[in-house]
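Visitor: Sequence:
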Amino acid sequence: MFKEFQFTYGKIDEMNVKNPNELISSITSTASDVIMTTIHNTMSLYQTTDKQKTYTLLGTEPAWLTVKAKNIEIFEVIPPQSVEAIFQRLSVGVGKGVMKIAKNPFAQGSLRYAYYGQLEPIGSPTAKVVYKELINADPQYNTLQVYLQHLEIHTIAQFLATKFNEKQRSVFSHPLEVLYADASLVRRIGIRTKIYQVEPRLYQRIQKWNNNSGGVSFKDYSSILQSFSHWTYQYTAKRLMVVDLQGVKTHDNTYLLTDPAIHFLDIKRYCEARTNLGVKGMREFFRTHTCTPVCEKLGLLKVENSINEHIFKQICTSNTDESFLTACNINEDEEGCSTVVRDIDHETLHSDFDFLDTYK
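For the sequence shown, the residue numbers in full-length UniProt numbering are 1 to 360.
If you are wondering where the hints come from, they were derived from the structure by calculation, not from laboratory data.
There's no promise every hint is true.
Stated by the list, open to error - Label pairs and their in silico Cβ distance ranges: (1) Lys302 <-> Gly93: 36 to 44 Å; (2) Pro139 <-> Ser110: 47 to 55 Å; (3) Leu65 <-> Gly299: 53 to 61 Å; (4) Leu256 <-> Ile191: 30 to 38 Å; (5) Lys167 <-> Lys219: 25 to 33 Å; (6) Ala137 <-> Gly59: 16 to 24 Å; (7) Tyr55 <-> Gln88: 35 to 43 Å.
Remember, predicted model here, so these are calculated numbers, not experimental data.
The beta-carbon is built from N, C-alpha and C at its ideal position, and this holds for glycine as well.
Please model the complete structure; the sequences and the hints are all you need to start from.
Guide: In structure tokens, the structure reads:
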């Protein structure tokens, strides 16, 4: 229990309270260490102008016969074949093809613009796709290296989802599969700064089930996806966690996800992608995570936190119209934090488990 408390709230150092001088010295030293560690860990996240590219959104798909095709290089990250391979440098394959892209994006997220498009790799048929461009206008975040970091994150999440589905099939009679759409990068030949991540087009409303700072949706709650994040942490021996789960739930009850974030134990891993919050991000997830029977049947260690006994009651009795619970909800006295939950009941929290039916 003490170790779990330490993980959720941070390292707890012992000190001799009988000696005032030692007490003052210890407090000063600890505070200094915390400040310097925080500065070091977050420096890469904030060394940017944060200036955004500004485009006018246009929801209409263009007449493709009038759009000029452009020659491109296509980059694909080779998927890892084992957990240990995740923590090594992943290989990249390169091909060529042509692309057509709408002049204006049709949607904007927190990190990317999305464009209608068509992609035709050499030797393959034309496919309808979505091209995604990073919003940040800072040149250092518009390089092939940064886009490849995002693509590697996507590929790792895709690999872990495959392993998670294998585990589900060994436990549940009717698993709800978690999939990540195939993704690659394209770069205009002759214009090295024109880079896009490309994915198959999704035709349903994009939903967000959790984010990378501990927020969890109770409007579209999914015990399977919350368990997936928890499972990635335990499966990789606490070295990473896949979060920021968003995408669509298909008619056959499959979750098709996109744009993941991964917290790594190594805070410097993929630092230029700016979504790896390290151990802090993992802690924030566990501060708002409620283990359900899905976690139990997957063999996950149960999380002990105050949400189980206090916030859970608020969730089940709330009448607010908001949809996300955040870590702030657990510390009601923390300035700037307010309860952000959605009116649900116990059946909602266990709906995925009910669909999974009896476990094997």
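Visitor: Please go over all the hints and tell whether each is borne out by the structure.
Guide: Status of each hint after checking the structure:
1. Lys302 <-> Gly93: 36 to 44 Å: 41 Å Cβ-Cβ, so the 36 to 44 Å window holds.
2. Pro139 <-> Ser110: 47 to 55 Å: violated (20 Å)
3. Leu65 <-> Gly299: 53 to 61 Å: holds (55 Å)
4. Leu256 <-> Ile191: 30 to 38 Å: holds (31 Å)
5. Lys167 <-> Lys219: 25 to 33 Å: Cβ of Lys167 to Cβ of Lys219: about 27 Å, so the range 25 to 33 Å holds.
6. Ala137 <-> Gly59: 16 to 24 Å: Cβ of Ala137 to Cβ of Gly59: about 23 Å, so the range 16 to 24 Å holds.
7. Tyr55 <-> Gln88: 35 to 43 Å: holds (37 Å)
Comparing the model with each numbered hint stated earlier shows that hint 2 is the single one that does not hold.
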